[in-house]
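Trainee: Okay, here's what each chain looks like letter by letter:
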Amino acid sequence: MTGSPFQIDAPNSLLQRAGEGDMRAFEQLYRLFERPAYTLALRMLGDPEQAREVLHDTMLKAFQRIGQFRGEAPFWGWLRQIALNETLMRLRQRRNDVGNDNELPDVADEGAAPWVLADAGALEWSLGELPVQTRSVIWLYHVEGYTHPEIADLLGKTVSFSKSQVARGTAKLRNLLTTETEQDRCPTYRTSMA
Amino acid sequence: MSYLPHEHGMTTPDSSAAKSLASALRGLAQVQPETSLWPTLEASLLQRQKPTRKRWSYALPAALAASIALFALSFFWRAANVPQDASATHGDVALNPAPSDPKAADVMTQIDALRQQSQVLEGWLSAARNSNSSARDLLASSEIEDMIGLVDVQLAASAVQTDALPLWRQRIALLQDLAALRYTGASLAANGVSGETLPASPTTWIN
Numbered sequence: 001m002t003g004s005p006f007q008i009d010a011p012n013s014l015l016q017r018a019g020e021g022d023m024r025a026f027e028q029l030y031r032l033f034e035r036p037a038y039t040l041a042l043r044m045l046g047d048p049e050q051a052r053e054v055l056h057d058t059m060l061k062a063f064q065r066i067g068q069f070r071g072e073a074p075f076w077g078w079l080r081q082i083a084l085n086e087t088l089m090r091l092r093q094r095r096n097d098v099g100n101d102n103e104l105p106d107v108a109d110e111g112a113a114p115w116v117l118a119d120a121g122a123l124e125w126s127l128g129e130l131p132v133q134t135r136s137v138i139w140l141y142h143v144e145g146y147t148h149p150e151i152a153d154l155l156g157k158t159v160s161f162s163k164s165q166v167a168r169g170t171a172k173l174r175n176l177l178t179t180e181t182e183q184d185r186c187p188t189y190r191t192s193m194a
Numbered sequence: 001m002s003y004l005p006h007e008h009g010m011t012t013p014d015s016s017a018a019k020s021l022a023s024a025l026r027g028l029a030q031v032q033p034e035t036s037l038w039p040t041l042e043a044s045l046l047q048r049q050k051p052t053r054k055r056w057s058y059a060l061p062a063a064l065a066a067s068i069a070l071f072a073l074s075f076f077w078r079a080a081n082v083p084q085d086a087s088a089t090h091g092d093v094a095l096n097p098a099p100s101d102p103k104a105a106d107v108m109t110q111i112d113a114l115r116q117q118s119q120v121l122e123g124w125l126s127a128a129r130n131s132n133s134s135a136r137d138l139l140a141s142s143e144i145e146d147m148i149g150l151v152d153v154q155l156a157a158s159a160v161q162t163d164a165l166p167l168w169r170q171r172i173a174l175l176q177d178l179a180a181l182r183y184t185g186a187s188l189a190a191n192g193v194s195g196e197t198l199p200a201s202p203t204t205w206i207n
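Chains A and B, in that order, give the protein sequences. Read in order, the letters of the first sequence are residues 1 to 194 in the working numbering. Read in order, the letters of the second sequence are residues 1 to 207 in the working numbering.
Hints are computed from structural coordinates only; laboratory data are not their basis. Since this is a predicted model, take the numbers as computed values, not measurements. Treat the hints loosely; a few may be bogus.
[What the hints assert, rightly or not] 30 Å max Cα-Cα, derived DSBU-like pairs, lysine-lysine: (1) 19/B x 163/A; (2) 157/A x 61/A; (3) 19/B x 157/A.
[To be verified] Residues of chain A clear of chain B, computed beta-carbon distances all greater than 10 Å: (4) 10; (5) 12; (6) 16; (7) 19; (8) 34; (9) 67; (10) 76; (11) 88; (12) 90; (13) 93; (14) 113; (15) 155; (16) 179.
All C-beta atoms in this analysis are idealised placements derived from N, C-alpha and C, irrespective of residue type, glycine included.
Let the hints inform the model, and build the full structure from the sequences given.
Mentor: Dropping the structure here:
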């Protein structure tokens, strides 16, 4: 299993040039981290326009504050924290848009994991169907590798909240993907729905 | 930070399913905006860098040029500082008779020296007049010239040398500021730089 998509080593010489205000170095850093930053924002927010805003503001802040980067931790971790803060800020602005938790099943289906067989399009679609906070917790936990206490801290929630969001979100994904797979396998069902 | 979401005692889902979900989600292709944000970012960054860059790239040479000009003027003044005829005095200033006591004589000597320095500066300024003046420099020059005029009025009204001495010093300082301003403009013009992009310099005489 690979780590966070942000885990990209930026050469020290590149960081040094960026610290000196070299515009070409900024551009190289942008090219390196454009996708991880945009992907994080898009997966959590589900809104391309807001994801663009996050990417823009993240990079601008990073380049303006690059003098504060001490090199004690990896650059990607520092940049990811800025991207995450920008994303969470927008998430808080949409606090009311948390979706309907009642739609989430309380008990997980212990059957075969449908995401093993699902194609990327179906997985992206089902992820987009989750309430925004559930989707964010799922992404932070499964993809970015944050622990439940860390997620609870980031979102200002309890550890139990993080755990329950992962559990219920996973169950919801399972249901969505199972339904999707069944529809794929049953042409008469799709015809009748059409 | 853990990258293996298998602990924490979740009731659901089971460990292998969680791992496979993490793997599936990480396997999704990374996405990027339809159009690159770099041009916008670059413009924003350049916009924010601009004032600082201009200030340092031009202000330092300008300050250096002003310092060189003052040094050169000082050198020039010393070379020209030979005993001159008493008729070479400033016409707007009241002349005082030769003092009898030593202290007054010392003041008179200092005033004479300042007067000669003033003449040297004025000669140089008339030669370097408005060589490459931005609107701001012209305004600053005008302000300094007004202040020199005010000092001259005070000098004309001063009855004793002890009052005149600080006024002459002030006059020299203003002339030096004016010379530095003119020299900066001339130096920038020689290097093909527009004076409009710079703050009026030197900035010490204002306020």
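Trainee: For each hint, tell me whether it holds in the structure or not.
Mentor: The hints, checked one at a time:
{"no.": "1", "hint": "19/B x 163/A", "result": "15 Å, holds"}
{"no.": "2", "hint": "157/A x 61/A", "result": "26 Å, holds"}
{"no.": "3", "hint": "19/B x 157/A", "result": "24 Å, holds"}
{"no.": "4", "hint": "10", "result": "16 Å, holds"}
{"no.": "5", "hint": "12", "result": "21 Å, holds"}
{"no.": "6", "hint": "16", "result": "17 Å, holds"}
{"no.": "7", "hint": "19", "result": "13 Å, holds"}
{"no.": "8", "hint": "34", "result": "6 Å, violated"}
{"no.": "9", "hint": "67", "result": "13 Å, holds"}
{"no.": "10", "hint": "76", "result": "13 Å, holds"}
{"no.": "11", "hint": "88", "result": "17 Å, holds"}
{"no.": "12", "hint": "90", "result": "16 Å, holds"}
{"no.": "13", "hint": "93", "result": "20 Å, holds"}
{"no.": "14", "hint": "113", "result": "4 Å, violated"}
{"no.": "15", "hint": "155", "result": "16 Å, holds"}
{"no.": "16", "hint": "179", "result": "17 Å, holds"}
Figure legend: structure checked against the earlier numbered hints; hints not met, in rising order: 8, 14.
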